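Novice: Chain by chain, the residues run as shown.
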Amino acid sequence: MKSYTEYIWFNTSKRREYINITDKVEEALRKSGIKEGMILVSAMHITAGVYVNDAESGLIQDIDEWLENLAPYKENYRHHRIGEDNGDAHLKSLLIHHEVIIPVTNGKLDFGPWQQVYYAEFDGQRRKRLIIKVMGE
Amino acid sequence: MKSYTEYIWFNTSKRREYINITDKVEEALRKSGIKEGMILVSAMHITAGVYVNDAESGLIQDIDEWLENLAPYKENYRHHRIGEDNGDAHLKSLLIHHEVIIPVTNGKLDFGPWQQVYYAEFDGQRRKRLIIKVMGE
Amino acid sequence: MKSYTEYIWFNTSKRREYINITDKVEEALRKSGIKEGMILVSAMHITAGVYVNDAESGLIQDIDEWLENLAPYKENYRHHRIGEDNGDAHLKSLLIHHEVIIPVTNGKLDFGPWQQVYYAEFDGQRRKRLIIKVMGE
Chain C
1 MKSYTEYIWF NTSKRREYIN ITDKVEEALR KSGIKEGMIL VSAMHITAGV
51 YVNDAESGLI QDIDEWLENL APYKENYRHH RIGEDNGDAH LKSLLIHHEV
101 IIPVTNGKLD FGPWQQVYYA EFDGQRRKRL IIKVMGE
Chain L
138 MKSYTEYIWF NTSKRREYIN ITDKVEEALR KSGIKEGMIL VSAMHITAGV
188 YVNDAESGLI QDIDEWLENL APYKENYRHH RIGEDNGDAH LKSLLIHHEV
238 IIPVTNGKLD FGPWQQVYYA EFDGQRRKRL IIKVMGE
Chain D
275 MKSYTEYIWF NTSKRREYIN ITDKVEEALR KSGIKEGMIL VSAMHITAGV
325 YVNDAESGLI QDIDEWLENL APYKENYRHH RIGEDNGDAH LKSLLIHHEV
375 IIPVTNGKLD FGPWQQVYYA EFDGQRRKRL IIKVMGE
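Chains as they are written, first to last, in our numbering: chain C, 1 to 137; chain L, 138 to 274; chain D, 275 to 411.
Rather than coming from a laboratory, the hints here were simulated on the basis of the structure.
These numbers were taken from a predicted model, which means no experiment stands behind them.
In this text, a Cβ means the ideal position worked out from N, Cα and C, and glycines have one as well.
Keep in mind that a hint or two might mislead.
Said to hold, decoys possible - Simulated coverage check for chain L against chain D, where a stretch passes if three residues somewhere in it have a Cβ under 8 Å from a Cβ of chain D:
id	segment
1	144-151
2	226-235
3	246-252
4	255-269
One chain only, chain C, in its complex shape (with noise of 0.2 Å):
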């Protein structure tokens, strides 16, 4: 088994973003050489997340203010007794999901027509990161 990794670096200008890393993800593929696998996407804070879905704008506001909807912010998360004020950015985290896999064959992302790899960002202006670690033959 070979392995490959990489790290990515995020320091997004709002505090809510959501960023298409499909290329990152392929130009990772092809610099490890394996051609038959997956790859592990995982944001490694607890106030980001990694999904698969559409590139489409409307959409992506669509999730936006749903995740706001069902994992609000507000002020009185007792997270927040600490100093916290991202409570929400945790639970938007873990409804989103902070990692995905995506199978590889043939050294290709073996996605369907319409999936890409985006990493959510839920509390940002600060520097973040991302593992993709990609593992095959």
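On the provided structure of chain C, position chains L and D as indicated by the hints.
Specialist: Coordinates of chains L and D only, in the frame set by chain C:
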């Protein structure tokens, strides 16, 4: 590391449908000859999901009602401005998640007594695809 | 590819409980001797989950309240017609998800500074099981 890949097609008669695919996953595992490792089962569309839970018809209706409650069908998603009407199906896919990883031990799915794999269709009545990739030794 | 499998049993005193299992996962990794690869941590029951987030007691209460809000205990789930009373636990398991994949680099969990692995019990007070499978080289 050995690997084995299979694609399964669905064309559900209803818009939303929950299909137990445990036997398909077991069949792919048997064909792979792999005894130790894991299986990635992943929807290749962004309006479907894969989950592991109980094969109990009442619960499946509860799950469907719960998903509709948290990610309801409605007309005014921004995503619909490009001519779609399936915004809810994208959100349901994100909520239930689009893939699972199943452990393989001694040539079997290493599941607890009630675990079953389901394909969850949220925008059916057309051909859609799922990937099963077995990896290990 | 090497692999190493371990099972952990739980029997919580409360119905819902959140248990930090990071040290158990690290111990399994150490025993495996694997330096590069990944770890699958997966609940073997359909009324429990596994997630990665912060070891902060206020946040854990926030997570519990949030899960109860989005997937509440109630009497009239259809699943209860077969004599169960844990419909909410199935939905909470789907919401939080039942497994995570953790990257392994240089013989360590390749986590960010605050990432911890939790077992989330939603229908406890009885023996339940979790699988840890380390795979790599």
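Novice: Are there hints from earlier that the structure breaks, and if so, what are their numbers?
Specialist: The structure breaks hints 1, 4; every other hint is satisfied.
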